[in-house]
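Peer 1: The hints should help you fit chain L onto chain S, whose structure is shown.
Residue numbers (the working numbering), protein chains in the order written: chain S, 899 to 1300; chain L, 25 to 159.
Simulated from the structure, these hints should not be mistaken for laboratory data.
Cβ coordinates follow ideal geometry from the N, Cα and C atoms, glycine included.
It is possible that some hints are incorrect.
[What the hints assert, rightly or not] To give an idea of the chain L side of the interface with chain S (calculated C-beta under 10 Å), a few residues:
#1 His79
#2 Leu81
#3 Ala114
#4 Val126
#5 Ser130
#6 Glu132
#7 Pro151
#8 Tyr152
[Said to hold, decoys possible] Okay, derived cross-link-like pairs now, DSS-like style, lysine-lysine, Cα gap no bigger than 27 Å in a straight line:
#9 S:Lys1258 to L:Lys108
#10 L:Lys103 to L:Lys28
#11 L:Lys28 to L:Lys139
#12 S:Lys1234 to S:Lys1258
#13 S:Lys934 to S:Lys1270
#14 S:Lys1258 to S:Lys1111
#15 S:Lys1270 to S:Lys1291
#16 S:Lys1234 to S:Lys963
#17 S:Lys1234 to L:Lys108
#18 L:Lys139 to S:Lys1234
#19 S:Lys901 to S:Lys934
#20 S:Lys1234 to L:Lys103
#21 S:Lys929 to S:Lys901
#22 S:Lys1111 to S:Lys1271
#23 S:Lys1161 to S:Lys1215
#24 S:Lys1140 to S:Lys1215
#25 S:Lys901 to S:Lys930
#26 S:Lys1025 to L:Lys103
#27 S:Lys1011 to L:Lys137
#28 S:Lys1161 to L:Lys108
#29 S:Lys1025 to L:Lys108
#30 L:Lys108 to S:Lys1265
#31 S:Lys933 to S:Lys1111
#32 S:Lys1234 to S:Lys909
#33 S:Lys912 to S:Lys1265
#34 L:Lys108 to L:Lys139
#35 S:Lys1111 to S:Lys912
#36 S:Lys909 to S:Lys1258
#37 S:Lys1011 to L:Lys103
#38 S:Lys1270 to S:Lys1258
#39 L:Lys86 to S:Lys1258
#40 S:Lys1011 to L:Lys108
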Amino acid sequence: MSKTIQEINEKIKKGSAVVVTAEEIIDIVRKKGAKKAASEVDVVTTGTFGPMCSSGAYFNLGHTKPRIKIGGGTCTLNDVPCYTGFAAVDVILGATAMPDYDQRNSIYPGSFKYGGAHVIEELVAGKAVKLSATAYGTDCYPRKSVETMVYLADMNEAVLFDPRNCYQNYNVAVNCSDKVIYTYMGRLLPRIGNANYCSAGQLSPLLNDPLYKTIGIGTRIFLGGGQGYVSWQGTQHNPNVKRSDNGVPRMGSGTLAVMGDLKQMSPEWLRGASMTGYGVTLTVGIGVPIPILNEEIVQYTAVRDEEIFAQVIDYSKNYPEVIPGSVAEVNYAQLKSGSITLEGRQVPTGGLSSYVCAQKIAATLKKWIVDKKFYLSEPAALLPSVDSGISVKLMADRPVKK
Amino acid sequence: MPKKRVVLTFPPSLVSQPVTYHLVKDYDLMVNILRGVVTPNEESGLVVELSGAKHALEGGMKYLSETGIHVQPLGQDIKWHEDKCTHCTACIPACPTQALTVDRESMEVSFEKDKCIACELCIQICPYRALEIQF
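Bound-form chain S, shown alone (with noise of 0.2 Å):
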């Protein structure tokens, strides 16, 4: 038996709809089986609360008078440097930019306190953020420079806008070096003194949708606490991976675009993050509600950590020189046990991506759905999958013409 997303909104509508979480779906269809669970379930949602650097957020930061033309200008908020190559107010700030006096790794570990991500957070938390700009002022844009206090109440727009989030598994980062390094996957002791992964395993999006049947281009979501939208497949989309027969990448693989209106979001669910020796980042809470449109669908969603496996690699010379290969595969109920066997002996383990907070998005979204405060959309076009031929390159390295 199969149902439409047109007949789930109606369901959810008359409230019976029957929404679970993607942890709830595992023992419903192991005990039922996917053919009940499917005429059964209407809704599994997801959760994923991870670090991801390709976050920012754009402005329409309202006109001033006498007018300024920002645009070709400089514009910092709280000292963050914006792109300002658009028009006269609108600007984009980045969750990675830093202000120009941040030592960075001069002193190194640098310990990027404040960046982008954080005066993003603070903007949905309700505080003013400094603005200072400066133009070279033409005939219908007079004004040379401004410095003001803003909140994001202000703005005419306020957009998040992540270019790539929600990475469909990742990899499993170690140290085989014998020196300590900082990486975006945190601090790695030598000798593969530890092991750090990001994902949220079972709950996170991708994972329950292995093959993008259901999540694509207008697909509505959980964003940063408000209602957002996949806008596109994310950068460095990967489908053309190696996959278990589950359908589920072995290694880091589809990733989403996604956007939403910041005004509805909460600094819960948007942290700027540091990670000491690398830089700052923007953690971003994102939950997809699947459609259980069919069998197949409900078995996807039924997916548990044991069965979804990630790359260990070595981020002191795999990762930085882009040399293939891999230390070991291991699967997320051994990486959330708290350690892993890595050759023969025992290696802890650390989360980057919060599994409470997954929890947390992945039950919140249910709630909307129950209380009707959050429909189902039907995408405009599915996401690139492993029939399109798409795979990342690498730059390409060639002579400059001088």
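Peer 2: Same frame as chain S, but now just chain L:
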């Protein structure tokens, strides 16, 4: 044997005093130095575990404060801001004394002050600055 874990902060004028010697010889205390930063002519600090008879501990503590050393229980040294913690578990492998632990069923992180030796290894690991050193 009763034990106390304390943070001792020395003003620059007291850095040259043989404080641990007096604690051992005059009060018969076992002094286990957990951490220390001692720089001549600068404010310096020691994190110590003192063990001995109850009256000896009391005497030792009295001596320390009369000497002008600021004594503070160790548990106050590292503060875990639960509201900032996302329970990501990044700090867990770094903690040498299991003061930071995870309930593997719920995946929730918790912090037991009594087990913390204020080594600060967790401080630079937490992306959300949920762990803070308090002097």
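Peer 1: Has the given pair, Lys1161 of chain S with Lys108 of chain L, been kept, meaning a C-alpha gap of at most 27 Å?
Peer 2: 21 Å, holds
Peer 1: Between Lys1025 of chain S and Lys103 of chain L, does the CA-CA distance stay at or below 27 Å?
Peer 2: Holds, at roughly 25 Å.
Peer 1: Tell me if the interface restraint on Val126 of chain L is satisfied: Cβ within less than 10 Å of some Cβ in chain S.
Peer 2: 7 Å, holds
Peer 1: Against the 27 Å threshold, does the CA-CA distance of Lys1234 of chain S and Lys103 of chain L hold or violate the hint?
Peer 2: 25 Å, holds
Peer 1: Per the CB criterion, is Tyr152 of chain L less than 10 Å away from chain S?
Peer 2: 6 Å, holds
Peer 1: Tell me if the straight-line CA distance from Lys933 of chain S to Lys1111 of chain S falls inside 27 Å.
Peer 2: The given pair, whose Cα atoms are some 18 Å apart, holds under the 27 Å limit.
Peer 1: Below or equal to 27 Å on CA atoms is what counts here, so check Lys929 of chain S against Lys901 of chain S.
Peer 2: Holds: Lys929 of chain S and Lys901 of chain S sit about 22 Å apart, inside 27 Å.
Peer 1: For a C-alpha distance cap of 27 Å, please report whether Lys901 of chain S and Lys930 of chain S respect it.
Peer 2: Distance ~18 Å between Lys901 of chain S and Lys930 of chain S Cα, so the pair holds.
Peer 1: Check whether the Cα positions of Lys909 of chain S and Lys1258 of chain S lie no farther apart than 27 Å.
Peer 2: Within the cut-off at roughly 24 Å; holds.
Peer 1: Does Lys1270 of chain S pair with Lys1291 of chain S here, judged by a C-alpha cut-off of 27 Å?
Peer 2: 43 Å, violated
Peer 1: Can you confirm whether the C-alpha distance between Lys103 of chain L and Lys28 of chain L stays at or below 27 Å?
Peer 2: At roughly 18 Å apart (the allowed maximum being 27 Å), Lys28 of chain L and Lys103 of chain L satisfy the hint.
Peer 1: Was the hint right that Glu132 of chain L lines chain S, CB cutoff 10 Å?
Peer 2: 6 Å, holds
Going through the hint list in order, the structure does not satisfy hints 1, 2, 15, 16, 23, 32 and 39.
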